[in-house]
Amino acid sequence: MKILMKGNEAICEAAIVAGCKAFFGYPITPQNEIPEYMSLNMVKAGGAFVQAESEIGAINMCYGASASGVRVMTSSSSPGIALKQEGMSYLAGANLPCVIVNVSRSGPGLGGILPAQGDYFQMTRGGGNGDYYTPVYAPFSVQEAIDLIFKAFDVADLYRTPVQMVADGMLGQMMEPCVIEPRAAINVDKSWATDGNSGKRPRNIVNSLNLSAEGLEQMNKERFARYQEIKKNETMVDNRVKDGDEIAIVAYGAPSRVAVNAVDELAARGIKAGLIRPITLWPYPYDVFQNLPSSVKNILVCELSMGQMLDDVKIGVAGRLPVHFYGRCGGAIFEPAEIADAAEKIVRGGA
Amino acid sequence: MSKIVYEKSRGLSETQLSYCPGCTHGIIHKLIAESLVELDLLERTIVISPVGCSVMAYDFFNCDGIQASHGRAPAVATGLKRTNPDKIVFTYQGDGDLAAIGTAEIVHAAHRGDNITVIFVNNAIYGMTGGQMAPTTLIDMKTSTSPLGRVEALTGKPLLVSELLSQIPSTTYIERVASHDVPHLNKAKRAVKKAFQYQAQGKGFSMVEILGTCPIGWNMTPTDAMGFVKDTMMPYFPLGVYKDEGGEA
Amino acid sequence: MVFTAKTAPLIVEYAAKHRLTFDENMCKGCDLCVWACPKNILKLDLERVNGKGYNPIVCMDIDACTACGICARICPDSVIKVERDIS
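As given, the protein sequences belong to chains A, B and C, one line each in that order. All residue numbers for the first sequence refer to the numbering used here, where the first residue is 376 and numbers rise by one. All residue numbers for the second sequence refer to the numbering used here, where the first residue is 77 and numbers rise by one. All residue numbers for the third sequence refer to the numbering used here, where the first residue is 1116 and numbers rise by one.
Incorrect hints may appear among the rest.
To be verified - Calculated cross-link-like contacts (lysine-lysine; reagent style BS3-like; alpha-carbon spacing at most 27 Å): (1) Lys1132(C) <-> Lys79(B); (2) Lys1196(C) <-> Lys263(B); (3) Lys233(B) <-> Lys1167(C); (4) Lys1196(C) <-> Lys233(B); (5) Lys269(B) <-> Lys1196(C); (6) Lys1167(C) <-> Lys84(B); (7) Lys263(B) <-> Lys419(A); (8) Lys1158(C) <-> Lys84(B); (9) Lys565(A) <-> Lys607(A); (10) Lys575(A) <-> Lys269(B); (11) Lys306(B) <-> Lys1167(C); (12) Lys1154(C) <-> Lys84(B); (13) Lys1167(C) <-> Lys79(B).
Unchecked claim - From the derived model, a few chain B residues whose C-beta atoms are all more than 12 Å from chain A: (14) Met77; (15) Asp140; (16) Ala153; (17) Leu156; (18) Ala185; (19) Gly316; (20) Glu324.
If you're looking for bench data, these hints aren't it; they were derived computationally from the structure. Idealized CB from N, CA, C, for every residue including glycine.
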């Protein structure tokens, strides 16, 4: 059944349907609908809700709940996600699943509350201390956010890793028709959980400490072997580039909807453009840039930042094509015509 | 015919404690292990270890364990307890962990009245990192970051954690005990046991502050350190029940 | 560095009316039992080191032991087992 729902609330409802049993959060704009929705509906669903004393408190509550084997989620916005990095590093180090939703805003510092994509580095490069990554999902519609929440919980459990999802004020506040229905449950062994051994098994320990150099190196190598599996199995991209396209426009998240309109506008101007929309920001779909049609002569990266995903596109393109950038930041959002103008200038020369 | 007066508690694991010779952490671990066994709670208990000397406490108790980041053990305990209300959850924290970097987490776990037990070991110093000044370091006490002694004008007076937490309306049981001789250990064990009993009965937040030693950090023999607890720490950190709203345990 | 007792248990027993059993390799030679014993019958053996390199405790006069258990209770490393004769 289709229902009309706000992005932030749809994320919550999907999490509850996906079996999330606990939510710990802290107020920060523009994600406040998430803790508000959870304060009522998580409790109605028989789960735990705590409005924590801080984002640090919230992520550490997630750490405790996850250690006992339950599905758990937290959410925040950019500066709050920065505060959560300590806990996310611990979750990664202790191999604990958790879903973290970032309804991002503009920065740095307190910045502003309008949409921006300046958290790309923070989300895709570990973010906290030590050798780790977290899978990052970047939906562009309310329905895709719902689908990816189900996926995020599964991936977190399967690979024992924290998983992030990034939305922004646009997606969070946007209402769209959507479907939230239970999915087939995956079967995951959680015999590692510290939920009291009842005298029936050896004691379990959840821990990221290892004072032996060889021991810690081994733990990290084991984690990176799992990352290889994630790269192989979980990389997602929406590649709309067709034979004959002259330019590929790369954009992600809600701002990629502007790029979709820019592609249409470019067609009206007689320029064939195709969109590449990474759905996972880590692992990044580098391969898509190795198999572009030979008609593509230029790449244009469009972000609501000063250029962060740009680095990943350059890694993927590996010098084979010129990579251009058009971005806005501080909460300013590009219009389709701005992107089309930038692309037209590149294709017609003079860029 | 003989009767065992004392033997190692089965609440402790086989792992050798990592503490320095004569450190009271080991003694306090025994009180906890014995209490959990005597109350028949061990098998549904999860210990949350801090950052500091007792970082590896998860290895020393014969129950499940979680290692928390510095100061956050009470938040970890909240997350665990809210999703596992029938389990016994306790944090084991030192004064750097609880009274400095973790003040927000301890205050708000207390503020929410979370049904957990906090064992707070106050030895007036950062032991693990090499004997730096803690919020609980006594005035004029020399540490590696107060080499001339703690100066009140610059660093204030030592933080009184039991007094502080007992002012928080939602706390149930707060007591300060000491670990420097057997009579005080007996009292300390009664307090630890009561805290766990209250938790098992769903009575809410309990904390037992235990005055302990740091012979290495204090630059004393273990026996002199026991005397320091009695003669110097206890006058500033008065022992006693600061709050008990649990009724019959 | 993992803190496990790498040395094999070395169990030393003293028995008269009552019985003291020391898990000697767990001893860190901290002296607390010696200091706490009301009968002054324990001391560190300065002639020997245990598997960890500490001077272990020894009992000098087991006949004087009253099996009060104070040494065992104060020991941070659970080295001492105390058995009281009740026959």
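Structure-inconsistent hints, enumerated in ascending order: Of the numbered hints given earlier, those the structure breaks are 3, 4, 7, 11, 13, 15, 16, 17, 18, listed in rising order.
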